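Colleague: The sequence shown begins at 6 in our numbering and counts up one residue at a time.
Note that these hints are calculated values from the structure, not bench results.
None of these values were measured; they are calculated from a predicted model.
Ideal Cβ placement from N, Cα and C applies to all residues, glycine included.
Some hints could be false.
[To be verified] Below, computed lysine-lysine pairings styled on PhoX-like, alpha-carbon distance capped at 20 Å: (1) 388 - 368; (2) 90 - 38; (3) 118 - 102; (4) 371 - 388.
[As the list claims (entries may be wrong)] Pair ranges (Cβ atoms, derived): (5) 130 - 277: 52 to 58 Å; (6) 18 - 112: 34 to 40 Å; (7) 261 - 165: 34 to 40 Å; (8) 92 - 138: 25 to 31 Å; (9) 200 - 141: 43 to 49 Å; (10) 421 - 27: 52 to 58 Å; (11) 281 - 322: 17 to 23 Å.
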Amino acid sequence: MGKRKRRKYYDGPDLTSGFDLYPGDIFELTVEKITESGEGITFLDKNIPVLILGAIIGEKLRVKVLKKYPEKFICTIEEILSASKYRKLPECEFFGKCTGCQWQHIDYQFQLKLKKNRLENEIKNYKNISHVKISETIPSDKEFNYRNHARFTAFSENNHTNLGYVNMYSRNFVKIDKCMIMNEKINNFLLNIQNKLSDRTQVSIRTAINNDSYIIQPKLNLESSGIFSGQKYYDEKVRSANFRVAGASFFQVNIEQLSKAVDEIKDFLQLSGNEILVDAYSGVGVFSILLSSYVKYVYGIEESYSAIEDAKYNSKDIKNIEFIMGKTEEVLLNWNKDFDYLLLDPPRIGCHENVLEAVRKLKPRKIIILSCEPKFFARDLSKLCKNNLFKVKKVIPLDMFPQTKHTEIIAYLSLNE
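Produce the entire structure from the sequences given, and follow the hints as far as they go.
Modeller: Encoded structure:
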């Protein structure tokens, strides 16, 4: 068993007690839609959710109850009675067991459509932006082997410590020897590290795509295998720029798609070389540095000490960049410098309320928002566009995470003057 994860507290009415259905019971249903967390879903009595792992819209299934909660049922597929035309055989032998991927059983082109649909549904929840059109999802050139970062769970049993993942539903540990969405370098390390660990709960592996640099944390006794660990940094190259990335610093997991995002941003901003750009939540400085040669000046804002140190190191030879350490909500509320354009790339939970308030007061001519969570993206977009202060020019889903429910979003706004 993996470490038990506490469920989100539910204090609503007991919806399922009136149904004579219990774990192990089998019944038939038709899948109505896909949830935001990637499962199929249908409803009993129109309001009681039944989540089906590995299901696709429109499929008729015979399912088994896995979990019964007061607010929902979770089921697994026993038999596919009528399969979707978008169903395909997963390429990974661990699919459905480890739950790291949710959609390997779905045709990739349909995955792209589902990601666009999810974003459209979130946008429709807000009246002032419900009219916004969503562009087609930009596909990833690599459908597999694209990730440069893995965090494996280490589980000890019978004097052996194995690496793998914990199933998010059963909480069972699943040993894996290869992860289809990780790059081959990570899989080679996984194969060589497996069964050689002790006294660990997690192992993080990050590998560069464009060179041989890597970082394995924490420090492990692997030198006899020719593998070094405990490094503080690794180096990655994105387009023409080199980036030092500390173990504690965030870095995008799909380098090829990151490069596409840079192109999209440049195309929208139509930079002349005279603009001043503020890059909020700037991380190790990827966008600041890659856009610096097209603008007059860049200010990067970042609260992570390790990331700001990386950003300063990465930009040491660039004269028109300044990085400011601090929380974006505090820095922007006290901002007193001129600037033209703003790039917002917040964490998954979206922008702090004070960030949105500050942006509305500062009124930049153009705004770019990057997000990896449609729900919070739609919330923030609606608040920024209140009273038609900003106009949404374009919203593009970018598939940074093939085979999973996750997607990246790029939105372009302009000031209504």
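Colleague: If a hint holds in the structure, say so; if it doesn't, say that too.
Modeller: Outcome of the hint check:
1. Distance hint between residue 388 and residue 368 is fulfilled; the C-alpha atoms sit about 13 Å from each other, no more than 20 Å.
2. Between residue 90 and residue 38 the alpha-carbon distance is near 15 Å, which keeps this suggested pair within the 20 Å criterion.
3. A hinted pair counts as satisfied when its Cα atoms are at most 20 Å apart, and residue 118 with residue 102 does not qualify at roughly 25 Å.
4. Under the criterion of a C-alpha separation no larger than 20 Å, the hint pairing residue 371 with residue 388 is consistent with the structure, at around 16 Å.
5. At roughly 37 Å, the beta-carbon separation of residue 130 and residue 277 lies outside the given 52 to 58 Å, and the hint is violated.
6. Our hint of 34 to 40 Å for residue 18 and residue 112 holds, since their Cβ atoms are close to 38 Å apart.
7. Separated by about 36 Å at the C-beta atoms, residue 261 and residue 165 satisfy the suggested range of 34 to 40 Å.
8. For residue 92 and residue 138, the hinted distance range of 25 to 31 Å is satisfied, since their beta carbons lie about 29 Å from each other.
9. Distance hint check: the CB atoms of residue 200 and residue 141 are about 45 Å apart, consistent with the given range 43 to 49 Å.
10. Checked against the hint of 52 to 58 Å, the pair residue 421 and residue 27 passes, with Cβ atoms roughly 56 Å apart.
11. Against the hinted window of 17 to 23 Å, the Cβ-Cβ separation of residue 281 and residue 322 comes to about 20 Å, which satisfies the hint.
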